[in-house]
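Engineer: Chain by chain, the residues run as shown.
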Amino acid sequence: MGYDLKMKVWRGDATGGDLVDYTVPVEEGEVVLDALHRIQATQSGDLAVRWNCKAGKCGSCSTEINGKPRLACMTRLSTFEEGETVTVTPLRTFPVVRDLVTDVSYNYKVAETVPAFAPEPRPADGQYRMQQVDVERGQEFRKCIECFLCQNVCHVIRDHEENKQSFSGPRFFLRYAELEMHPLDTNDRRALAREQAGIGMCNITKCCTEVCPEGIHITDNAIIPMKERVVDRSFDPVTWLGRKIFRRDQLEEAQVPQTGAE
Amino acid sequence: MAAPTGIKSPTRARIAARTLRTDRWWLYPTFTALVLVAFVAYATYRAFSGQHYFAEPYLTPFYSPCVTTECVDGSRHLGTWVGDWWPFSPAVLILVIPLSLRLTCYYYRKAYYRSFWMSPPACSVAEPHRRYTGETRFPLILQNVHRYALYIALAYNVLLTYDAVMAFKSPEGEWGHMGLGTLILVVNAALLGLYSLSCHSCRHIIGGRLRNFSKHPVRYRLWGGVSVLNGRHAQLAWASLVWVAFTDFYIWMVASGTWSDPRFF
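Residue numbers (my numbering), protein chains in the order written: chain A, 2 to 263; chain B, -9 to 255.
No lab work stands behind these hints, which were simulated from the structure alone.
Note that the Cβ used here is the ideal one computed from N, Cα and C, for glycine as well.
Among these hints, one or two may not hold up.
As the list claims (entries may be wrong) - As a list, the in silico PhoX-like pairs of lysine-lysine whose alpha-carbon atoms are at most 25 Å apart: (1) Lys55/A - Lys7/A; (2) Lys9/A - Lys69/A; (3) Lys69/A - Lys100/B; (4) Lys165/A - Lys100/B; (5) Lys110/A - Lys165/A; (6) Lys9/A - Lys(-2)/B; (7) Lys144/A - Lys58/A; (8) Lys165/A - Lys(-2)/B; (9) Lys9/A - Lys55/A; (10) Lys100/B - Lys245/A; (11) Lys69/A - Lys165/A; (12) Lys58/A - Lys69/A; (13) Lys110/A - Lys(-2)/B; (14) Lys69/A - Lys205/B; (15) Lys245/A - Lys165/A.
To be verified - Covered, in the sense of this in silico footprint (three residues per stretch, anywhere, with C-beta under 8 Å from a C-beta of chain A), are these stretches of chain B: (16) 0 to 6; (17) 94 to 104; (18) 125 to 138; (19) 202 to 211.
Stated by the list, open to error - If you anchor each label on the Cβ, the simulated ranges turn out as follows: (20) Val135/B - Pro120/A: 31 to 37 Å; (21) Lys110/A - Leu144/B: 27 to 33 Å; (22) Leu173/B - Lys144/A: 40 to 46 Å; (23) Glu82/A - Arg201/B: 46 to 52 Å; (24) Gln133/A - Arg8/B: 43 to 49 Å; (25) Tyr18/B - Leu242/A: 40 to 46 Å; (26) Arg143/A - Tyr18/B: 28 to 34 Å; (27) Pro77/B - Thr187/A: 55 to 61 Å; (28) Arg120/B - Glu196/A: 22 to 28 Å; (29) Asp14/A - Arg8/B: 19 to 25 Å; (30) Trp165/B - Gln133/A: 46 to 52 Å; (31) Phe118/A - Val148/B: 42 to 48 Å.
Bound-form chain B, shown alone:
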C-alpha cells in the first residue's frame, strides 16, 4: 500500500476528517455540474437535431454562420463553404468555436475542475486523487492555447453581431423593423462579446503583458477597461451561457410555429 500523502501525511496533524467545514461547500460544485450538464445536453440535442434553427430573419447562434449545403434557404448569410460531404448538422462545425473558448477559459477551468474532477471539490476539502500533475502534461497542457480560442471567438462575435443587425429586418426582408427576437439576439451578441472581451487572455494581450504602463498610455487605458470587465468574468460567463441557450430556444419555438414572434414595429 502506498504511503499516505496530503492531509494524511505522517508529519501533519492527525485529523481523520476529509474536511471540517460546516457550511454547504458542496452547493457550488453541485449546482455548477447540474447547469453545465443541462447546457451540454440541450446544446448536443439542438446541434444534432438539424431543424428549426432559422425563422426569417432570426438565425439561432448555435447554427451561425450556417455554411453547409444542408442549411435552409435564407440562412446562408455568408454563402456555402461546405458541400454535401459534411455528414453532420451545420451546427457541429460551428459549436467547436465557443466550446474551445469555454473549455480553456480560466473561469470555467475553476468551475469544472471543482465540479467534475473534484480537484478540489471546494477549498480545504481533500480531493480524492492520489496523484496530481495539474496542467503540465497532455492533454491539460493544451489549456495554454486559450488565447487562440479567444482570437477565433472574437471573429465569431462579429458574425453574431451581424446576425443581430440582420434581425432588424422584417420577415419579408425590409429594414427598420424589430421584434422580440431582435432584442434577444442583440442581448445575446452583447453578452457573448462582453464575455470574450473580459477574458483573462484578452486582458493580458491588451496591456497586462507590459512592464511599463506609463510608456503605453493607450494600452494602459484599454487594460483598465478590460480589467473592469474581467472582474465580472464569471458572471458574464454564466449570463452568456444561459442567454445563448435561451436565444436558441426562443428561435426554435418561433421556427417550429409553437409561438409567434411579437413584432414591435
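Just chain A, same shape as in the assembly:
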C-alpha cells in the first residue's frame, strides 16, 4: 500500500549546499533509490545520484541514509516508520561533486599502491594447484563490491583529512590480507602494511564491518590478522628469532608499484 514519504536530500556542490525537503509517493516493497529516482523523474530532474545495478552488486549508490552509510538500492523503505523523514546525504568522507555524487578517486589511487599478486613460477605441467581449504579462505575477501562504505565510515580519514596521505583504509587491508593469505603468492607485504598502508592507525572500532553490505568480517578476518602479521614481523622478538634460526619466511619483501603510484 502506497504512502507519501517525507525526505530530506542534500543538494549542492563543493561551494555549498543544503538539505532540501521532498514529499514523494512510494509503494510497498520499494527502496530508497526508488524514491530518489521518483524525485528525479517528477520533481527535480537535475538531482545527481550515481547508480547502476540496483541489486547491491555494483557498489555505485553508496550514500548516507539517516546518517548511516548504506547502499540506497538495498535500503528498504519498510525499515522506516511511515511518518519518519528519511534523510539522504552524499558520503561525507570524499569530496562532493554534486548532490549525492562524490569523488571516490582517493580509493583508486590507494589501489594502485598495493603490490599485485606475485605467484611462484608455474610447475612443470604449467598448472597451478590449490587445495579447497586454501581457496575457501580468500572467497570472503573477493565478495567486496568496492562500494567504499567501509572507507567512508572509517574515522581515521573521515574525521582527519590529513590521514589520507598515510592510511589506505579497510578496503585495502582486505586486499593486503587476501594476498598475504594466498598460498601461491611469493611477496611479503607486512612491512608495507605497516609503513605505507598505515595499519597501525586502525584502532579496531569495527565500523567498517558494521557497514559492509556484503557482510564481510573486515576487522576480524582481515585487519586483525594483518595487524598480527605485522606484530610477527616487527614487534615480536620470539617470532623474529624463530625466523632467523629456522630460516623461515624467506619471502621477498613487496615493493610499491612504480606505475601510477603517487
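Following the hints, put chain B in place on chain A, whose structure we already have.
Structural biologist: Same frame as chain A, now just chain B:
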C-alpha cells in the same frame, strides 16, 4: 585558527551536523562506560581491601594465586613467593595479569576507544579530536604486546582451573564434596578460559598466520575451533568480566559470614 578537517573539510558536502543518525547511537558507548567504570571501581576496592577473599575451600580469583606472607592461612596454594616487603594487598600483584590481557584485547580496544576516548563514539559520528595517530606511537603502540599478555593469561587460567578443582574439597579438606561456590568457580574458570582461547591473537598463533591451511591439517582444525569461539569473543569478554566480579562477591559474602555456602554433597 587551524584549517577545518574531517567532515568540515572544504571539499566535502557542507553539512553542519556532527552526525545525522537518528537512532540511539549513544547507548552502546554509555552502557559500556558505565559497566567498565563499575567493574574497575569494584575491583579496585576489593583489591586494596585485603580481606574476606578466602573461605575454605574457596579462593576468590582476584587473589589467586595468593603468594605473599600477608595471605591468610590455607590460601597459599602455591606457597609464598613474596615477603613482607610487598606493601600492597596480594591481589595487586595478580590483577596486573588479567588487566593487561583485557587492556590490549582487540574487543576491549573497540569498547574503550568508543566509550572513553570517543574515537569515534559511534560509527559515522564525528570524533572530537583534532589529531589522530592511532596505535602508531607510544603508549598505544604497546597494544602490540597483546599476545604476550595472552601467554601469561593462559598460565593464569591453569591456576584458576586448579582453584576450581580445589573447590571440590569440603571446608574440612576432604575430597569429593561440592557447594554452590564450587559451581561458581567452575563456571568462572570455564568462562575465563574460553575468553582467553577466543582471543584474536590466539586465533592467529594457532593457525591464522599460515599461508597454507592444507599443509597443516591439525592447525587448520584447531584454527576452525578457535574461529568459532572468536565469533563469540565479545560476549565471552562481557560474560567472563561480570562472572569474575560475581564470583569474588559471592566468596566475599561467604568469607565475611554474610551468608553461608549451600553444600550439595
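Engineer: State for each hint whether it applies.
Structural biologist: Each hint tested on the structure:
For the hint pairing Lys55/A with Lys7/A, the CA-to-CA distance comes to about 22 Å; that is within 25 Å, so the pair holds. For the proposed pair Lys9/A and Lys69/A, the alpha carbon gap of about 14 Å is at most 25 Å, so the pair holds. Simply put, Lys69/A and Lys100/B have alpha-carbon atoms about 19 Å apart, close enough for the 25 Å limit, and the pair holds. Distance restraint check for Lys165/A and Lys100/B: the Cα-Cα separation of roughly 22 Å lies within the 25 Å cut-off, and the hinted pair is therefore satisfied.
At most 25 Å may separate the alpha-carbon atoms for a hinted pair to count; Lys110/A and Lys165/A meet this at roughly 11 Å. Restraint check: the Cα-Cα separation between Lys9/A and Lys(-2)/B comes to about 20 Å, which is no more than 25 Å; the hinted pair holds. Of the supplied pair hints, the one linking Lys144/A and Lys58/A holds, its CA atoms being roughly 9 Å apart against a limit of 25 Å. With a C-alpha separation of about 15 Å, the suggested pairing of Lys165/A with Lys(-2)/B holds against the 25 Å cut-off.
For the given pair, Lys9/A sits about 21 Å from Lys55/A by alpha-carbon distance, which is consistent with the 25 Å threshold. Simply put, Lys100/B and Lys245/A have alpha-carbon atoms about 34 Å apart, too far for the 25 Å limit, and the pair is violated. Our distance criterion of 25 Å between C-alpha atoms is met by Lys69/A and Lys165/A, whose separation comes to about 21 Å. Distance restraint check for Lys58/A and Lys69/A: the Cα-Cα separation of roughly 19 Å lies within the 25 Å cut-off, and the hinted pair is therefore satisfied.
Only pairs whose Cα atoms come within 25 Å are accepted, and Lys110/A paired with Lys(-2)/B is accepted, the gap being roughly 22 Å. Under the criterion of a C-alpha separation no larger than 25 Å, the hint pairing Lys69/A with Lys205/B is inconsistent with the structure, at around 43 Å. Straight-line distance between C-alpha atoms of Lys245/A and Lys165/A comes to about 35 Å, which puts the hinted pair past the 25 Å bound. Coverage of the segment 0 to 6 of chain B by chain A holds in this model, with 6 residues showing a Cβ closer than 8 Å to a Cβ of that chain against a need of three.
With 5 residues bearing a CB less than 8 Å from a CB of chain A, the segment 94 to 104 of chain B meets the requirement of three and the coverage assertion stands. As drawn, the segment 125 to 138 of chain B meets chain A at 8 residues by the rule of a beta-carbon pair under 8 Å; at three or more, the given contact holds. Using a Cβ-Cβ cut-off of 8 Å, 4 residues of the segment 202 to 211 of chain B lie near chain A, which meets the minimum of three, so the contact claim holds. A C-beta distance of roughly 35 Å is found between Val135/B and Pro120/A, which places it inside the suggested range of 31 to 37 Å.
One distance hint, 27 to 33 Å for the beta-carbon pair Lys110/A and Leu144/B, is violated here, with the actual separation near 43 Å. Remark: the range hint 40 to 46 Å for Leu173/B to Lys144/A is upheld by a beta-carbon distance near 44 Å. Remark: the range hint 46 to 52 Å for Glu82/A to Arg201/B is upheld by a beta-carbon distance near 50 Å. Against the hinted window of 43 to 49 Å, the Cβ-Cβ separation of Gln133/A and Arg8/B comes to about 48 Å, which satisfies the hint.
Between Tyr18/B and Leu242/A the Cβ separation comes to about 41 Å, which falls inside the hinted range of 40 to 46 Å. For Arg143/A and Tyr18/B, the hinted distance range of 28 to 34 Å is satisfied, since their beta carbons lie about 31 Å from each other. About 56 Å separates the C-beta atoms of Pro77/B and Thr187/A, a value consistent with the hinted range of 55 to 61 Å. As the Cβ distance of Arg120/B to Glu196/A is approximately 24 Å, the hint placing it in 22 to 28 Å holds.
As the Cβ distance of Asp14/A to Arg8/B is approximately 22 Å, the hint placing it in 19 to 25 Å holds. Between Trp165/B and Gln133/A the C-beta distance comes to about 50 Å, which sits within the given range of 46 to 52 Å. Range check, Phe118/A to Val148/B: about 43 Å between beta-carbon atoms, so the 42 to 48 Å window is met.
When each numbered hint is compared with the structure, violations occur for hints 10, 14, 15 and 21.
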